[in-house]
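Enquirer: Each protein sequence line maps, in turn, to chains A and B. The opening residue of the first sequence carries number 1268 in the numbering used here; numbering runs sequentially from there. The opening residue of the second sequence carries number 293 in the numbering used here; numbering runs sequentially from there.
Among the clues, some could well be false.
[Claimed, not checked] Lysine-lysine pairs mimicking DSSO-like chemistry, simulated, CA-CA at most 30 Å apart:
{"id": "1", "chain 1": "B", "residue 1": "LYS349", "chain 2": "A", "residue 2": "LYS1336"}
{"id": "2", "chain 1": "B", "residue 1": "LYS370", "chain 2": "A", "residue 2": "LYS1336"}
{"id": "3", "chain 1": "B", "residue 1": "LYS334", "chain 2": "A", "residue 2": "LYS1336"}
{"id": "4", "chain 1": "B", "residue 1": "LYS349", "chain 2": "B", "residue 2": "LYS370"}
{"id": "5", "chain 1": "B", "residue 1": "LYS395", "chain 2": "A", "residue 2": "LYS1336"}
{"id": "6", "chain 1": "A", "residue 1": "LYS1371", "chain 2": "B", "residue 2": "LYS349"}
{"id": "7", "chain 1": "B", "residue 1": "LYS375", "chain 2": "B", "residue 2": "LYS334"}
{"id": "8", "chain 1": "B", "residue 1": "LYS334", "chain 2": "A", "residue 2": "LYS1371"}
{"id": "9", "chain 1": "B", "residue 1": "LYS334", "chain 2": "A", "residue 2": "LYS1270"}
{"id": "10", "chain 1": "B", "residue 1": "LYS395", "chain 2": "B", "residue 2": "LYS334"}
{"id": "11", "chain 1": "B", "residue 1": "LYS370", "chain 2": "A", "residue 2": "LYS1371"}
{"id": "12", "chain 1": "A", "residue 1": "LYS1336", "chain 2": "B", "residue 2": "LYS375"}
{"id": "13", "chain 1": "A", "residue 1": "LYS1371", "chain 2": "B", "residue 2": "LYS375"}
{"id": "14", "chain 1": "A", "residue 1": "LYS1270", "chain 2": "B", "residue 2": "LYS395"}
[Stated by the list, open to error] Here are some, though not all, of the chain A residues that point toward chain B, as calculated from beta-carbon distances under 10 Å:
{"id": "15", "residue": "PRO1274"}
{"id": "16", "residue": "ASP1298"}
{"id": "17", "residue": "HIS1301"}
{"id": "18", "residue": "GLN1309"}
{"id": "19", "residue": "GLY1317"}
{"id": "20", "residue": "ALA1350"}
{"id": "21", "residue": "TYR1354"}
{"id": "22", "residue": "LEU1375"}
Just so you know, the hints here were simulated from the structure itself, not pulled from any lab data. Glycine included, C-beta positions come from ideal geometry on N, C-alpha and C.
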Amino acid sequence: DAKTTQPNSMESNEEEPVHLPCNHSTISGTDYIHWYRQLPSQGPEYVIHGLTSNVNNRMASLAIAEDRKSSTLILHRATLRDAAVYYCILRAYTGANSKLTFGKGITLSVRP
Amino acid sequence: EPEVTQTPSHQVTQMGQEVILHCVPISNHLYFYWYRQILGQKVEFLVSFYNNEISEKSEIFDDQFSVERPDGSNFTLKIRSTKLEDSAMYFCASSEQAATNEKLFFGSGTQLSVL
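One chain only, chain A, in its complex shape (with noise of 0.2 Å):
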């Protein structure tokens, strides 16, 4: 699977925004760019995913780079239920179930 990089941790403050950066250099051109978070002590839970264009869902928007070498996971205005860690994930096809890895993630903080 194409690896990501993302910064290990994020500290941001409660009703502002959070752009979540994440690096994918060697992103292939069929894989989709997903992005999951997993609240303490809850299994991981899907929050948005693109393949070229930006997104936009009723949790966060996801901003594609032009060459698709990086994405950013934007959430509008914080909240303390946003504290997670976000994992940034490629989903390639690799026969009958195409599997998510799952890397270290982004651990956000939000400060009240």
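Chain A is fixed; fit chain B onto it per the hints.
Expert: Quick look at chain B alone, frame taken from chain A:
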């Protein structure tokens, strides 16, 4: 929103005992997965399952592990003879399709403690 249900939430067992972890995937999903997370470490893929067959398994998923879909709703992970190092949080996941743009839904996990 529909969710993946895992039981029990906590399981304590003695080393060498067999354990079965239970999962009820989302009803119209066809693809099923087990992951585990040792405390403080990454979420690790164990196995994927489709059409009553294992599609892919990791090196962790050795002969001590097995999966089964015994009926139309349950998906189980069995560990035949547990070891201390099997202590971890085990997550079940499911998805409707296997496409790379498909999202996985995860359960809240079963914390397995092997004493």
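Enquirer: Report the numbers of all earlier hints that the structure fails to satisfy, in ascending order.
Expert: 2, 12, 15, 20 and 22
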